[in-house]
Amino acid sequence: MSEPEQPKHRASDFNTSTFPTWCPGCGDFGIWAALKNALVELGREPHDTVVVYGIGCSGNMANNVNTYAFHGLHGRPVPVAEGIKMANHGLTVIVIAGDGDGYGEGLGHFLHAVRGNADITYIVHNNQVYGLTTGQTSPTSDKGYKSKSTPHGVIEEPINPISLALGASGTFVARGYAGDIKHLTSLIVQGVQHKGFSLIDVFQPCVTFNKINTHLWFQKMTVKLEEMGHDPSNREAAIQQAFRRDQLPIGLYYKEDRPAYHEQLSQIAETPLVEHPLEPLTFDELQKEFM
Amino acid sequence: MKTTFTWKIGGEAGFGIKVSCMMFVRLCVRMGLHIFDYSEYPSLIRGGHNTYQVTVSPDEVFAELHEVDYLVALNEETVRLHLGELTKGASIIYDPDVVHLDAAEFQQKEISLIGVPLKKIVKEVGGPDIMRNMVAIGATIALLCAELTEFEELIAEQFAKKGETIIGQNVDVVRRGYAYVQEKHKRECTHVLTKQEVKSKRMALTVNDAISLGAVAAGCKFYAAYPMTPASSVLETLARWDTKAGIVVKHAEDEISVINMALGASFAGVRSMIGTSGGGFSLMVETLGLAGITETPLVVLNSQRPGPATGLPTWSGQGDLRFVMHAAQDDFPRIVLAPGDVDEAFALTRDAFRLAEKYHVPVIILSDKFLSESQKSTEPFDLGDENIARESMLTQEQIGALTEKYKRYALTESGVSPRTIPGMPGGVHLANSDEHDEYGFTDETSEMRTAQHAKRMKKLEAIAKEIPAQKMYGPESADLTLIAWGSTKGTVREAMRILERENIHINFLHLSHLFPFPVDQVKRVMQNAKRTLLLEGNAAAQLGGLIQQFTLTVPDETFLKYDGRPFFPREVVAKVKEIMSS
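Protein chains in written order, with numbering that gives the first Met the number 0: chain A, 0 to 290; chain B, 0 to 581.
Calculated directly from the structure, the hints in this document are not laboratory data.
Heads up, a few of these hints could be off.
To be verified - Calculated from the model, a selection of chain B residues having no Cβ within reach of chain A, i.e. all distances over 12 angstroms:
{"#": "1", "residue": "I129"}
{"#": "2", "residue": "D241"}
{"#": "3", "residue": "P312"}
{"#": "4", "residue": "A461"}
Stated by the list, open to error - Here are the in silico distance ranges between beta carbons for each label pair:
{"#": "5", "chain 1": "B", "residue 1": "S391", "chain 2": "A", "residue 2": "S16", "range": "21 to 29 angstroms"}
{"#": "6", "chain 1": "A", "residue 1": "D245", "chain 2": "B", "residue 2": "K243", "range": "52 to 60 angstroms"}
{"#": "7", "chain 1": "B", "residue 1": "R389", "chain 2": "A", "residue 2": "D230", "range": "44 to 52 angstroms"}
From the three backbone atoms N, C-alpha and C, an ideal C-beta is built for every residue, glycine too.
Can you build the whole structure from these sequences, using the hints too?
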């Protein structure tokens, strides 16, 4: 991505008066930095961007990014974002959620937003554990993972968000790593620029509760798709990469151009819904149906 | 000759009853008559017993009458199930080749058997079986001594899209049914269908239709829903109107998504509404609280059906009053409205949007299957000349004039803190599900929690002042005062009409605003009434509990019904007589 010659803002312009409450070394700091950097690079203003947050350590970022923000319920930020986009498609709409949020309570919303190709950028902090509730298993925890809620080890196989998004006809499927801010920034920039639903699953080490999937572990396990010559227009290849266990590929798995949900609503082809006058376009004609 | 009558048709689901009945209703309304219709059907697509009935009169009809003058029986079961509803002198229109009735039995009961070979007539013109309903309507029109011209015009209009052949077949079978009665069942008319002079064309519509019109009139631009009887027709109607009315309608994946999408749209500045029944509302509950704490306007329709759980999916009840009043954890301000008829439904829906936006609260509209699916005739709605005003929202100029950083949750005198919407420079804020400070940032201190919670609850004081006087019907003083809410209004008014004919005068307080509760007025009525009768479609006397809670008085008598059927006027009449004679 080429940066504008003179960015309108600096990343610090997207800070608020409050500082994050995450543990020192938390992967969330990297995602926070990448998000702000991406907004700068994209030339966005605090007022033309809405970030919708779920509940969890990730959602607590709601207090720390200077844009319009909606801090909703656990598992439900995606439909809120879809509503915002339908109401005003002139806005940049980004969702910040966690793995419990997005792949546990909110799994259904996620897949339906993917298949609808709602034009939102979905950044999922995936630390494979429940941090804010102090260390229970998550939908992405590996099979056998021992936690406070699964002392004998998780029985289920982990959710594979990449393959799910691909299976639901996703048009932008990517994965980043919170420890590589520059790479993640680039993914967020591309995700926001993509017209349609962009999934950016982010490996985010939880330094307090996850002693297995640590920074060191991710640094060893991750490989960059772009360095492997992966073709992001090849869905079959993307699916193959999504199921790899030997290494964890990060980068853009798949991208395809398809009209976004709001682009298929003729009512708002000319003007965003929020700019329509409140007076009904027609009324007598509707009443006549009952005569 | 009488001019008020009730016509009923019964048969199995899949007999195509609804479409033909809608046409009969349309005919009556176009002839300047008033109607009120009512249908019963099980939660099935095929089979099961379905009925549809309409009461027709030159005078306004407030509710369906239980007494049937004309019964079209498409099967024998219909006769068996509804014999008790037939009036003296009633007629049964049936196909003798399909339904076998004993003439002597009916002669004794003074019921006329009008045998019409429905099936044979349809076969003669080569039409499908469902055209039997049209033959029966032709026969009915003949029995009512009316001409066919208007109905034929209606067929041509309604079936225009289906082409000449279908129109021709339908007109043909109607004529044949009509001619058959004229030839084989020539008799004096007991009821007549005569054209009435009217000032303007009337409508026949359900409360769901009126709510749909009310939403459009109020500037609703976003409607989301997941299909659920008896709320689904609002989704279908608004979806049909979406491009014409400039409204985005979203059938979301579930009710949780529905309410969250609507909240998002509302946060972004668009007037938004959702619709469901009790089961779907249950799924929405957590987000209702989110609307409360983020102070985001929202209009919610809950068209009740009996529960709990799946309950009686296609039947009626008033069991959700306390539920919607208290749904979601902890306290937050909300408004609960319960229209009693189509006119109130239109007016209250419009007002629901105004109140939601002015006070940044969820407004819940309670309907039920009975209201949501029963058509009533009424005059066209008047939009008035006033433009819709945005309320409790800062303009860009006002933001520019702020001397300090914008506070979304400013601690104001009234509790209402003017909002901004995304896209407005200078209005950036966090709408926060967590308890928050004036800017919206998470704040768990004792002081701020208390201040913000009190601020939100404070709004109820101003809202309470907006509650209009609830409607009182009948004489100022009466030996018995009936109290009811929502959908029972028409039934009680129809019952009062019957009682008045027998010189029994009662009065009636109808509550359309349940929360904030109209405390002073209800207290006054309870104190001044000689005797009170509470009437509700639930088992726990939910309004009764509210009356006790808010006025410290208890209704003398209660009449509760929770069998899935609405109250019928004659049941109310009987109850009133029973009480007054005791």
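Now the hints, each set against the structure:
1. For I129/B, the shortest C-beta to C-beta distance to chain A comes to about 23 angstroms, beyond the 12 angstroms cut-off, and the non-interface label holds.
2. Under the 12 angstroms C-beta cut-off, the non-interface status given to D241/B relative to chain A is violated; the minimum distance is some 6 angstroms.
3. The Cβ of P312/B sits about 23 angstroms from the closest Cβ of chain A, beyond the 12 angstroms cut-off, so the non-interface label holds.
4. Chain A leaves A461/B outside its interface by the beta-carbon criterion, the shortest separation being 22 angstroms against a cut-off of 12 angstroms.
5. The beta-carbon spacing between S391/B and S16/A, approximately 25 angstroms, falls within the hinted interval of 21 to 29 angstroms.
6. Remark: the range hint 52 to 60 angstroms for D245/A to K243/B is upheld by a beta-carbon distance near 57 angstroms.
7. Look at R389/B against D230/A: about 50 angstroms separates their beta carbons, and that is inside 44 to 52 angstroms.
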